[in-house]
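There are 4 protein chains.
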Amino acid sequence: MAKKGKFDYDDELRRLQIELNRIAQWVQENGKRVLVIVEGRDTAGKGGAISSIKMHMNARWCRTVALGKPSEQESGQWYFQRFMPHLPSAGEFVFFDRSWYNRAGVEKVMEFCTPSQYKAFMAQVPIVEKLLVDDGILLFKYWLTVDQEQQEKRFKERLDDPLKQWKLSPVDLKSREKYAEYTKAREAMLKISHKRNAPWTLVDFNNQKLGRLNLIRHFIEHFPKDRPAFSQPAFKAMAGKPLKESYKVKPKPIKSYY
Amino acid sequence: MAKKGKFDYDDELRRLQIELNRIAQWVQENGKRVLVIVEGRDTAGKGGAISSIKMHMNARWCRTVALGKPSEQESGQWYFQRFMPHLPSAGEFVFFDRSWYNRAGVEKVMEFCTPSQYKAFMAQVPIVEKLLVDDGILLFKYWLTVDQEQQEKRFKERLDDPLKQWKLSPVDLKSREKYAEYTKAREAMLKISHKRNAPWTLVDFNNQKLGRLNLIRHFIEHFPKDRPAFSQPAFKAMAGKPLKESYKVKPKPIKSYY
Amino acid sequence: MAKKGKFDYDDELRRLQIELNRIAQWVQENGKRVLVIVEGRDTAGKGGAISSIKMHMNARWCRTVALGKPSEQESGQWYFQRFMPHLPSAGEFVFFDRSWYNRAGVEKVMEFCTPSQYKAFMAQVPIVEKLLVDDGILLFKYWLTVDQEQQEKRFKERLDDPLKQWKLSPVDLKSREKYAEYTKAREAMLKISHKRNAPWTLVDFNNQKLGRLNLIRHFIEHFPKDRPAFSQPAFKAMAGKPLKESYKVKPKPIKSYY
Amino acid sequence: MAKKGKFDYDDELRRLQIELNRIAQWVQENGKRVLVIVEGRDTAGKGGAISSIKMHMNARWCRTVALGKPSEQESGQWYFQRFMPHLPSAGEFVFFDRSWYNRAGVEKVMEFCTPSQYKAFMAQVPIVEKLLVDDGILLFKYWLTVDQEQQEKRFKERLDDPLKQWKLSPVDLKSREKYAEYTKAREAMLKISHKRNAPWTLVDFNNQKLGRLNLIRHFIEHFPKDRPAFSQPAFKAMAGKPLKESYKVKPKPIKSYY
Numbered sequence: 001m002a003k004k005g006k007f008d009y010d011d012e013l014r015r016l017q018i019e020l021n022r023i024a025q026w027v028q029e030n031g032k033r034v035l036v037i038v039e040g041r042d043t044a045g046k047g048g049a050i051s052s053i054k055m056h057m058n059a060r061w062c063r064t065v066a067l068g069k070p071s072e073q074e075s076g077q078w079y080f081q082r083f084m085p086h087l088p089s090a091g092e093f094v095f096f097d098r099s100w101y102n103r104a105g106v107e108k109v110m111e112f113c114t115p116s117q118y119k120a121f122m123a124q125v126p127i128v129e130k131l132l133v134d135d136g137i138l139l140f141k142y143w144l145t146v147d148q149e150q151q152e153k154r155f156k157e158r159l160d161d162p163l164k165q166w167k168l169s170p171v172d173l174k175s176r177e178k179y180a181e182y183t184k185a186r187e188a189m190l191k192i193s194h195k196r197n198a199p200w201t202l203v204d205f206n207n208q209k210l211g212r213l214n215l216i217r218h219f220i221e222h223f224p225k226d227r228p229a230f231s232q233p234a235f236k237a238m239a240g241k242p243l244k245e246s247y248k249v250k251p252k253p254i255k256s257y258y
Numbered sequence: 001m002a003k004k005g006k007f008d009y010d011d012e013l014r015r016l017q018i019e020l021n022r023i024a025q026w027v028q029e030n031g032k033r034v035l036v037i038v039e040g041r042d043t044a045g046k047g048g049a050i051s052s053i054k055m056h057m058n059a060r061w062c063r064t065v066a067l068g069k070p071s072e073q074e075s076g077q078w079y080f081q082r083f084m085p086h087l088p089s090a091g092e093f094v095f096f097d098r099s100w101y102n103r104a105g106v107e108k109v110m111e112f113c114t115p116s117q118y119k120a121f122m123a124q125v126p127i128v129e130k131l132l133v134d135d136g137i138l139l140f141k142y143w144l145t146v147d148q149e150q151q152e153k154r155f156k157e158r159l160d161d162p163l164k165q166w167k168l169s170p171v172d173l174k175s176r177e178k179y180a181e182y183t184k185a186r187e188a189m190l191k192i193s194h195k196r197n198a199p200w201t202l203v204d205f206n207n208q209k210l211g212r213l214n215l216i217r218h219f220i221e222h223f224p225k226d227r228p229a230f231s232q233p234a235f236k237a238m239a240g241k242p243l244k245e246s247y248k249v250k251p252k253p254i255k256s257y258y
Numbered sequence: 001m002a003k004k005g006k007f008d009y010d011d012e013l014r015r016l017q018i019e020l021n022r023i024a025q026w027v028q029e030n031g032k033r034v035l036v037i038v039e040g041r042d043t044a045g046k047g048g049a050i051s052s053i054k055m056h057m058n059a060r061w062c063r064t065v066a067l068g069k070p071s072e073q074e075s076g077q078w079y080f081q082r083f084m085p086h087l088p089s090a091g092e093f094v095f096f097d098r099s100w101y102n103r104a105g106v107e108k109v110m111e112f113c114t115p116s117q118y119k120a121f122m123a124q125v126p127i128v129e130k131l132l133v134d135d136g137i138l139l140f141k142y143w144l145t146v147d148q149e150q151q152e153k154r155f156k157e158r159l160d161d162p163l164k165q166w167k168l169s170p171v172d173l174k175s176r177e178k179y180a181e182y183t184k185a186r187e188a189m190l191k192i193s194h195k196r197n198a199p200w201t202l203v204d205f206n207n208q209k210l211g212r213l214n215l216i217r218h219f220i221e222h223f224p225k226d227r228p229a230f231s232q233p234a235f236k237a238m239a240g241k242p243l244k245e246s247y248k249v250k251p252k253p254i255k256s257y258y
Numbered sequence: 001m002a003k004k005g006k007f008d009y010d011d012e013l014r015r016l017q018i019e020l021n022r023i024a025q026w027v028q029e030n031g032k033r034v035l036v037i038v039e040g041r042d043t044a045g046k047g048g049a050i051s052s053i054k055m056h057m058n059a060r061w062c063r064t065v066a067l068g069k070p071s072e073q074e075s076g077q078w079y080f081q082r083f084m085p086h087l088p089s090a091g092e093f094v095f096f097d098r099s100w101y102n103r104a105g106v107e108k109v110m111e112f113c114t115p116s117q118y119k120a121f122m123a124q125v126p127i128v129e130k131l132l133v134d135d136g137i138l139l140f141k142y143w144l145t146v147d148q149e150q151q152e153k154r155f156k157e158r159l160d161d162p163l164k165q166w167k168l169s170p171v172d173l174k175s176r177e178k179y180a181e182y183t184k185a186r187e188a189m190l191k192i193s194h195k196r197n198a199p200w201t202l203v204d205f206n207n208q209k210l211g212r213l214n215l216i217r218h219f220i221e222h223f224p225k226d227r228p229a230f231s232q233p234a235f236k237a238m239a240g241k242p243l244k245e246s247y248k249v250k251p252k253p254i255k256s257y258y
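Chains as they are written, first to last, in this note's numbering: chain A, 1 to 258; chain B, 1 to 258; chain C, 1 to 258; chain D, 1 to 258.
Keep in mind that the hints were calculated from the coordinates and are not lab data. By construction, the Cβ of each residue, glycine as well, lies at the ideal position given by its N, Cα and C atoms. Hints are not guaranteed to be accurate.
[To be verified] Simulated restraints on C-beta separations: (1) Ala123/A x Ile127/C: 52 to 60 Å; (2) Pro85/D x Asn197/A: 49 to 57 Å; (3) Lys4/D x Asn197/A: 50 to 58 Å.
Generate the whole structure from the sequences, applying the supplied hints.
Right, here's the structure in full:
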């Protein structure tokens, strides 16, 4: 892998993705379950980090879970209940793009939960995670950091780029004012949930490409080195002239616009 | 948009994606439902085409549905039943990456279904689609074409590229031998399911980038021209010095590997 | 079975339930699917009729589906969509306690749907049912009739009986005034949905016990006469003295209150 | 309520069911959640006990959950995962007819789980239940006892009664031989899971009717005494002559068989 001090993003990402595929193969063959919680500041790049991991993985082996606001039905349930059906089954990777930690982050800072709901969450989250880890789930918890200057720059980009404008939610705009409160909330969260068996990993995402490579490399290092290569299936060149598409019934392909 | 004869892929795709975002906004505001069936040859580029549409859309407004083999429970049900829960709700785009047409394609050619199951499907599919269209669902059916020479080249790439090897399934390797049979199956399918109210659109994917642009442009043309621009939220520069991440509790961010 | 003019309810019901169990066995062994739609006047006895059929059947082979009001998400979908996941799988009986016909009954009469929604339903319901029947689902549609005098008597009982008061909903009380409108709505519904391949069966439930027996007997007659008896498993008396419960750890059983 | 030493089953059950309806009302109005685990010997009468509680309750407020064998997908998950979606939401009663305790009962005795799975369950079950109770779920755990003489008698009845023969599973017949092992397994289970905040209640079901009354009465005593009566809706006799069913379109009601 690339040495300290320099990297070519595309080359290095490709190298890491090849390793990820081998890990996915190992996870499948050994019936392991992998749960990756991705949290962090607004604009830090949670979605992009998950995409860079999944980009070339078999879509049947990995799922991203990004739950919206709880429904009324869900609001009347145990807080962790709605996440439970999404836990990984044997052979699966699951990525939580935001997670139950919403309650310790945005819900705490923006006062979307009551103090007693917050307190209950803080008491239960280490217990819930211990249950899952004790059961053999490989749990990774990443928190992506970014300085306010970068964050502001990225909000501004969203504002100006017609492809990203929809990302700027009213909650984002209010959250903007509360950088320091989010720091405080994160620290409270780390204090109670950074456990030996379920540790947090903070990754600097001021440079998103660098952040992604670091996150993936850290992730990869936590799997056995001895990973299977794919077995090459038998494949020999076809005899005869290759066929072309032919169209005897309607419709024919559309004409190119270009 | 780009003129006949030339295009810059990145520029043009970006232009189209901005239009797609406006369409998504219109779909949301008007409670429309959009169902896009994407079918085609192996290696044609179904997944990539869907990704290029969704890349910058709000993930809460669009879903991709790629159902695996039916479970034993599902095999004992009405063939269309397992697809039904995935139909779009008001405001949603749903992309079927392969679809109920499996029965008229791979299942027919590879003999994974009985002749009477095939016959039943061919009789029912136009009726089912008419029900949905009559109910107001905006249904698009794309079939991506590719010549055998290209297909072989892409199979070979999958074989050689460690990032793509997992994509080469045993069924793919057998399907390889049956290019002509797939053509025949497609023609039978077009004959019964290319209807005025639920037409097929064939798109040439021998050049995938060109194919994607053509598909998206065709798609866009079927929506009203008069699309809303996003309203710019109020956003003013922050006063004071931007904050930096500060770490008073453990853990600190990991050191960069690079 | 009991002759014309007289019946002992308990004896006859028991005889019919034994037949139902044999039918269930036949349904299981032959992978059949049975869908029973139970509709009718308020207070007619839909729930009780379903219970009398299911009472001694294997709970794993039969399900009752009583959907509430559609959620907001469901309201934005194809009207039939939310019913689809509940259709029977191979070997199963499914009872719809009220059904998609809500739209032609209570929703029509109480104006809970728009005229165009009603019209769309009336156009689509025969097509949807034909799809299911053509696919091999054994479809039964029962409509339970009751005169207004009886209905009033039963409403009054609900009012007076503390075990039944919760059953008296505000919609019931309004529906009360609309006996004639319900008759009219039923007739419109019969006109479009009483089809050779999906016929309605009306059963007089002015006497509920008699109604249940008639409904079940009609149902039974539509299955092959040649039904398997259960095979008797080997079972021999145990040797030795039978054991008694013994309690070495706490808690012990509670003392009887009686 | 009935005094010590005598009871009329039907009268007393009715009295208790009226109380249950008031409790259900209180649960609804206060957004409480009630989880009732019903375990016990084969033939003890778990299903009948649950039915007697639910018989006159609003079906929208209470659910019975009787999960079958885990699917292959579920077998690869955290053991408790498949139960989680069924936990009660605000206002609901949920009855588990058998439960996660299968692992400490039938799976332990019949060796359907590995010793390490059993051990993991025994370590986790008190923690899981504490999480739920701390979250405010009202948890009741009933274990129905029955002596072997009664159990044998009931097995014999199932064998002889055509309405009950399907209930006699091969596992039942093997379990029959293991009365003492089940006692032992129950004691081990009580030792680790009879907790102050999640106690077990054992109820003698040698007499099923008496057992049901005792169980329900015990259950009722754990709710506040001050329960709301239903408010009587306005209801006045209808003016005019009550209408009769009239049939202008086909089909008419079927002729009575009796």
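Outcome of the hint check:
no., hint, in the structure
1, Ala123/A x Ile127/C: 52 to 60 Å, "holds (55 Å)"
2, Pro85/D x Asn197/A: 49 to 57 Å, "violated (26 Å)"
3, Lys4/D x Asn197/A: 50 to 58 Å, "holds (53 Å)"
Hint compliance for this structure: hint 2 is the single one not met.
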